[in-house]
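*Asks:* Residues per chain are reported as follows:
Protein chains: 2
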Amino acid sequence: MSEQATSGNASAANREVVDRIAAARPILVGIRRAAEIVPSLGDLEFLHAGPPLEGWHEACGALRGAIAGTLVHWRSAADLEEAFAMAEAGTVRLGSANEKCVLGTFGGVIARNTPLLVVEDRTTGKLAGAAINEGRGSALRYGSTSADTLERLRYLETEFQQILDRAIQLRGGIDVAAIVEQALHMGDDGHSRQKAASSLFLSTVAEPMVEAGFSSRECAKALRFLATNDFFFLPIAIASAKVALSAGEGVGRSTVVTCMATNGARFGIQISGAAGKWFTGDVPELHGKYFSSYSKQDAGPMIGDSVIAETLGLGAFAMAGAPALAPYVGGSYEEATRMAVEMYRITVSEHPRYRIPALGYKGTPLGIDSALVAETGIAPIFNSGISHRDAGVGQIGAGFGRAPLRCFHDALAFLRQ
Amino acid sequence: MSEQATSGNASAANREVVDRIAAARPILVGIRRAAEIVPSLGDLEFLHAGPPLEGWHEACGALRGAIAGTLVHWRSAADLEEAFAMAEAGTVRLGSANEKCVLGTFGGVIARNTPLLVVEDRTTGKLAGAAINEGRGSALRYGSTSADTLERLRYLETEFQQILDRAIQLRGGIDVAAIVEQALHMGDDGHSRQKAASSLFLSTVAEPMVEAGFSSRECAKALRFLATNDFFFLPIAIASAKVALSAGEGVGRSTVVTCMATNGARFGIQISGAAGKWFTGDVPELHGKYFSSYSKQDAGPMIGDSVIAETLGLGAFAMAGAPALAPYVGGSYEEATRMAVEMYRITVSEHPRYRIPALGYKGTPLGIDSALVAETGIAPIFNSGISHRDAGVGQIGAGFGRAPLRCFHDALAFLRQ
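Protein sequences, first through last, are from chains F and V.
When you line the first sequence up against the working numbering, it's residues 75 to 491, in that order.
When you line the second sequence up against the working numbering, it's residues 75 to 491, in that order.
Just so you know, these hints were derived from the structure itself, not from any lab.
Keep in mind that this is a model prediction, so the values were computed, not measured.
Worth double-checking, as some hints may not be accurate.
[Unchecked claim] With a cut-off of at most 20 Å between alpha-carbon atoms, the simulated SDA-like pairs for lysine to any residue come out as follows:
#1 K436(V) - Y418(F)
#2 K295(V) - R245(F)
#3 K295(V) - E285(V)
#4 K436(F) - P401(V)
#5 K436(V) - Q243(F)
#6 K436(F) - E408(V)
#7 K295(V) - Q243(F)
#8 K295(F) - R240(V)
#9 K295(F) - E285(V)
[Stated by the list, open to error] To give an idea of the interface, some chain F residues facing chain V are shown, with a C-beta separation under 7 Å as derived from the structure:
#10 N187
#11 L224
#12 E281
#13 C293
#14 A294
#15 R298
#16 Y402
From the three backbone atoms N, C-alpha and C, an ideal C-beta is built for every residue, glycine too.
Please model the complete structure; the sequences and the hints are all you need to start from.
*Replies:* Take a look at the structure:
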């Protein structure tokens with residue numbers, strides 16, 4: 075199967091795809107309302123992670139909470155009860171965020187007014203966006219709708235957004251790849267550990283934030299938010315992965331994977347040679363570590379677009395460079411490294427810029443080849459937070475999972491038609 | 075020898091020493107003029123790294139440049155020519171910085187007006203200080219005396235010092251151990267790589283700097299200096315190591331090493347059971363990597379107090395956690411890890427807080443036992459920058475070296491008297 079799929083046209087096309095992905099120059103260009111990036115976005119339309127859902131009946135707890143919370147937050151519903159009733163009655167419209175080149179982390183939904191961190195690929199001009207990370211624990215993206223959560227959202231969507239956007243403009247954009255490159259030398263994996271990248275980001279924007287013309291009280295508050303959020307860089311990292319992978323879409327009969335994501339009901343992938351088409355399978359189970367008193371019984375299904383990091387060869391694919399992350403996702407560094415190194419067997423290249431010092435500065439595995447996945451039976455691995463099954467609780471753990479093999483077999487069969 | 079030296083009293087004393095060292099709670103409490111910390115410091119007195127020098131005739135190029143530059147900088151000499159003439163004539167007095175609980179990095183000298191980053195051990199109340207890191211390349215501590223170098227020094231000693239000191243006061247001090255602990259999870263070794271610690275430090279002080287009551291122009295300039303100096307945290311780290319090791323001095327007949335340092339003419343160590351006494355040997359040769367067109371022939375002798383980091387079990391002792399550092403000092407990560415792990419054979423304990431995720435969160439090697447060094451013949455390893463042999467050039471490379479075994483044998487012989 076592999077010989078057939080990657081020989082001739084597919085092989086040259088795969089090479090072209092990874093070259094295009096590696097040529098991306100992702101720059102954080104600002105914070106904009108989603109409607110500016112996705113003008114077609116209607117009122118009461120919510121973009122969610124993963125492939126399209128059939129409707130509200132398929133939405134998991136975290137997603138339901140995020141939608142209801144957003145309705146209340148923007149005064150489209152008087153309270154959560156009314157919000158849930160509206161959703162049940164079919165008033166809200168759902169759509170796949172990924173298909174609009176924006177990304178939802180966990181249950182986080184994107185609606186017209188959602189402020190997005192926007193990344194532009196200076197090579198292709200493509201844009202991608204992801205919502206501002208609210209911090210760990212209670213957060214809208216996990217379905218939390220507490221007063222604290224909504225108060226913080228209001229702050230992020232007004233004063234914080236203004237000061238950070240102005241700082242980004244003063245710098246003419248922030249070079250995302252430069253930060254990711256360094257963070258991979260500093261124990262980050264580029265997905266579930268963003269401590270170094272978030273700190274380097276703060277170091278980069280602190281000076282222009284001070285020069286942005288806001289009061290010292292406002293500036294100090296914004297810096298405090300950044301300093302206390304180790305995951306701030308996550309949406310920037312995944313939007314950057316998305317623009318890079320977008321550059322690789324639609325190349326001949328390429329079998330290279332350009333997207334992986336889950337909507338809580340189905341896991342889906344896309345491949346370059348069948349741009350825009352989803353190949354789906356069951357939502358993978360996460361094996362990991364639960365916080366405090368939580369256990370597997372409390373876990374909701376995995377949902378989120380952040381597996382785009384692994385699609386680019388970061389996250390679990392780069393865990394050989396992130397020893398401090400292993401215990402957080404419930405494993406040992408040796409095991410994490412073994413699994414990460416195995417990913418070179420299903421990828422066609424190595425990233426020229428993103429490198430792992432612990433592997434002698436080897437480039438991260440680049441270009442998941444669905445033919446190699448099918449041939450070896452090695453499914454792409456990813457790490458992810460675990461959210462509670464009910465709306466309103468939040469993250470309760472973190473772990474590893476593997477993409478369902480069926481997606482890759484189906485993608486190859488489709489190409490062969 | 076080992077059995078004799080570490081048995082009975084020595085063994086209990088060694089345990090006591092490492093317990094005291096590990097109990098330190100180093101807090102950065104502010105920036106003060108050296109005369110406030112070392113009131114005995116006279117005019118035209120210069121404290122240098124390592125054990126005491128006999129006089130100017132023993133001073134290496136980097137140290138001579140630093141002294142002459144300081145004389146010009148503070149207008150004690152009209153120009154470098156006059157400054158060198160003053161020094162040759164014996165007008166300046168030299169002393170060991172380490173003996174006053176302050177530290178010189180490379181040729182960096184400490185005189186009455188030198189602003190020091192001051193660390194207090196909240197367990198013992200002891201203070202230690204080290205001069206502000208000026209950044210890589212041309213710097214007074216490497217003997218550079220260019221107009222740029224002196225202009226930057228003037229800035230650091232006035233506006234920058236004021237704003238950072240005020241920020242530290244607003245925070246009631248900065249917890250140094252908390253930063254070192256995290257940085258060791260982020261690819262720093264705690265000595266020659268300070269990129270993570272410097273970024274975390276900026277993240278910690280940015281908010282209070284904004285609140286310190288300075289103009290946004292002044293604040294932005296200070297943040298820019300911090301953001302562009304990957305070594306800013308180095309003096310804070312070594313002052314923190316010094317207060318911790320000081321707590322272990324003078325315990326019975328302990329054979330644990332409490333200080334290592336070099337003055338460019340001699341390498342010296344101190345052990346707990348013979349507090350205040352130096353045991354010296356030849357300055358070790360550094361094996362490493364030279365920048366651009368420089369080579370071994372250009373290298374000056376190793377000088378500096380920063381090997382105090384290794385004395386605490388950081389630096390080369392912690393290189394298993396710093397894969398990105400290995401090429402900088404001219405080695406592979408495997409080799410660096412092998413050498414670092416060997417250090418557990420000459421140490422009596424592990425640090426309870428400073429841990430290496432890549433070694434399964436094992437504590438860093440703590441308490442170099444001179445008896446174990448003598449018994450195994452394994453000399454403590456360290457990494458270090460390499461400075462040019464002539465005054466005024468600066469750093470030309472970085473590498474590894476080993477402490478001379480003679481120091482440890484002599485220390486044991488002294489204790490046995």
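*Asks:* Would you mind marking each hint as holding or not holding in the structure?
*Replies:* Hint check results:
1. K436(V) - Y418(F): At roughly 29 Å apart (the allowed maximum being 20 Å), Y418(F) and K436(V) break the hint.
2. K295(V) - R245(F): Judged against 20 Å, a Cα distance of about 15 Å means the pair holds.
3. K295(V) - E285(V): 15 Å, holds
4. K436(F) - P401(V): 13 Å, holds
5. K436(V) - Q243(F): 44 Å, violated
6. K436(F) - E408(V): Satisfied, since the Cα-Cα distance of roughly 14 Å is no more than 20 Å.
7. K295(V) - Q243(F): With Cα atoms ~18 Å apart, K295(V) and Q243(F) stay inside 20 Å; holds.
8. K295(F) - R240(V): 18 Å, holds
9. K295(F) - E285(V): 10 Å, holds
10. N187: 29 Å, violated
11. L224: 24 Å, violated
12. E281: At 4 Å from the nearest chain V Cβ, E281(F) passes the 7 Å test, so the hint holds.
13. C293: 5 Å, holds
14. A294: 4 Å, holds
15. R298: 5 Å, holds
16. Y402: Violated - the Cβ of Y402(F) stays beyond 7 Å from chain V, reaching only about 10 Å at its closest.
Of the numbered hints stated above, those contradicted by the structure are hints 1, 5, 10, 11 and 16, listed in ascending order.
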